[in-house]
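Quick one: dock chain against chain with the hints and give me the complex.
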Amino acid sequence: MEIWDVLGLLFVFLIILVIAFFVFFGPISFLISMIFSRRKHRKMIDDVMDRVSSTVNEYGRDPLTNKKNPSKNEQISEAKMIQANFVLGPGWWNQWIASWHTLFGGNISSFDDVLMLARQDVLQSLRDQASEGGFDEVVNVRLESARISYLSAKSSKYIDVFAYGTAIKYANSNLSD
Amino acid sequence: MSEDQGTSIIMVSTEEVPGRRIVKTMGVVSGSTVRAKHVGKDIFAGLKNIVGGELKAYTELLGESRDEAIQRMLEEAIGRGANAVVNVRMATSAITPGASEILAYGTAVVVE
Chain A
1 MEIWDVLGLL FVFLIILVIA FFVFFGPISF LISMIFSRRK HRKMIDDVMD RVSSTVNEYG
61 RDPLTNKKNP SKNEQISEAK MIQANFVLGP GWWNQWIASW HTLFGGNISS FDDVLMLARQ
121 DVLQSLRDQA SEGGFDEVVN VRLESARISY LSAKSSKYID VFAYGTAIKY ANSNLSD
Chain B
1 MSEDQGTSII MVSTEEVPGR RIVKTMGVVS GSTVRAKHVG KDIFAGLKNI VGGELKAYTE
61 LLGESRDEAI QRMLEEAIGR GANAVVNVRM ATSAITPGAS EILAYGTAVV VE
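Chains as they are written, first to last, in this note's numbering: chain A, 1 to 177; chain B, 1 to 112.
What the hints contain is simulated information worked out from the structure, not anything from laboratory work.
Be careful, since some hints might not be right.
[Claimed, not checked] No farther apart than 25 Å at their CA atoms in a straight line, the calculated lysine-lysine pairs in the BS3-like style are these:
1. B:Lys48 x A:Lys157
2. B:Lys41 x A:Lys40
3. A:Lys157 x B:Lys41
4. B:Lys56 x B:Lys41
Chain B extracted, bound-state conformation (with noise of 0.2 Å):
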């Protein structure tokens, strides 16, 4: 996950990228995606539900779409000259019945 499409930028979720010294902050980037599954899977989810577990359709969708979201938000970094991404932060928001936001932000910095 750190080190995306042969371009080596690092992302941390802590303030600091340990062992190395931020040089530069280039400000807040972020990434969004919104997303949803097909009927069908929406259905299967349903009858799986019936005893309750994990809906493991559901479980990639969120993975993909948060891979997405941090993927728009390291592309940004780089677009800004960025070689790494501090204090990562993720958050989901039901924006209507119909549809979840995935928002990841964090803090686009120069390390040595």
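If we strip away everything but chain A, and leave its shape as in the complex, we get (with noise of 0.2 Å):
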């Protein structure tokens, strides 16, 4: 009998610990992205900046340019397609701080920092591609983005951010790579 005693209290308590876990999951995490969200943006777009003032540094100018051909009227040996992207979550604080702006209207600055991290994610992962294939420019960059969706209409919160451009290498390149 005793073994039963047991095994009941313990059902209890594993059904006490799973409507625990249901009921405080969602404030809780709300709690932590209140918290965190912000602080860990911030710190993310610091490192980008850093890594893009870095390659600007090593080019002497930024290497991206959206004009349609390359500044340099020079004989080419190499182009080629390169592309970035950034699926990002904004976070649920973002998130429900944007549903309470569908009310008033207005700037919402929290957003705008997760969307230039991605945007700046990307570029910067331009650079770093062409600086890696020593590559002297890149032309043509164009930025899209993209809600997601896939598999369940939850992740459609999701945003996708793509670059994409083309690398040119000069025939007498300057780049000591």
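Now the structure itself:
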């Protein structure tokens, strides 16, 4: 009989645990999001901006342009398309703030931050690819963003930011790679 | 990306291949793909979205999908006897709540 008592207690305890998980998961996650998300996003932006400035220093200028043609009228030895993407989860806090802003309107600065993070990150990926491949310049850079939806309608909150351009290497490249 | 599977085909997003002259245009070529990730990764991405930031599983998935779409476009271009694809553009569209389509298209050309 004793074993059944213990098992019964365990079963009740398990059910309480499961209920507690479902009751507290939402509020606790929301609190975590509220406390940490802004700080995390600022830190990620600072990291990306550091990488941007180091690449710009390496080139002496920003290698990305959205002009259609190369900036120098020189002979070109290689051209190829490069691309990068970043799927952004805006975070519960941002989603909540954004839903409130639909009532009053106005600028959602924390959402601006995460979108800037995604855009700067994809552009930096293009710079990194250009630098690794020894390319002098990336022309015709384009940025696109789309809401993605895979499997569940829930994931359509995620935003895909995508950048592509044509990396160019001049015949007498002045980059030492 | 410009040279795939041993076949030398140039792919650029500009209207012309810089440094080369287009001798023949072979028409518009396109490639598309629709993909989905398994549920486990979907749940994990959902947890990562609490704080927010990059969802690497989805970034990889979309990267792979774009590569696949581009590969299909290049195969069509090779089939037409082109050696370059110019003015490549990418588009994403949510066709149903369950899946997204990635489309790559461009103009197949023959360059010198």
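Hints, one by one, checked against the model:
1. Of the pairs offered as hints, the one joining lysine 48 of chain B and lysine 157 of chain A holds, with about 13 Å between alpha carbons and a cut-off of 25 Å not exceeded.
2. The straight-line distance between the Cα atoms of lysine 41 of chain B and lysine 40 of chain A is roughly 22 Å, inside the 25 Å bound, and the hint therefore holds.
3. About 15 Å separates the Cα atoms of lysine 157 of chain A and lysine 41 of chain B, which keeps this hinted pair within 25 Å; it holds.
4. Of the supplied pair hints, the one linking lysine 56 of chain B and lysine 41 of chain B holds, its CA atoms being roughly 10 Å apart against a limit of 25 Å.
Checked against the numbered hints listed earlier, the structure breaks none of them; every hint is satisfied.
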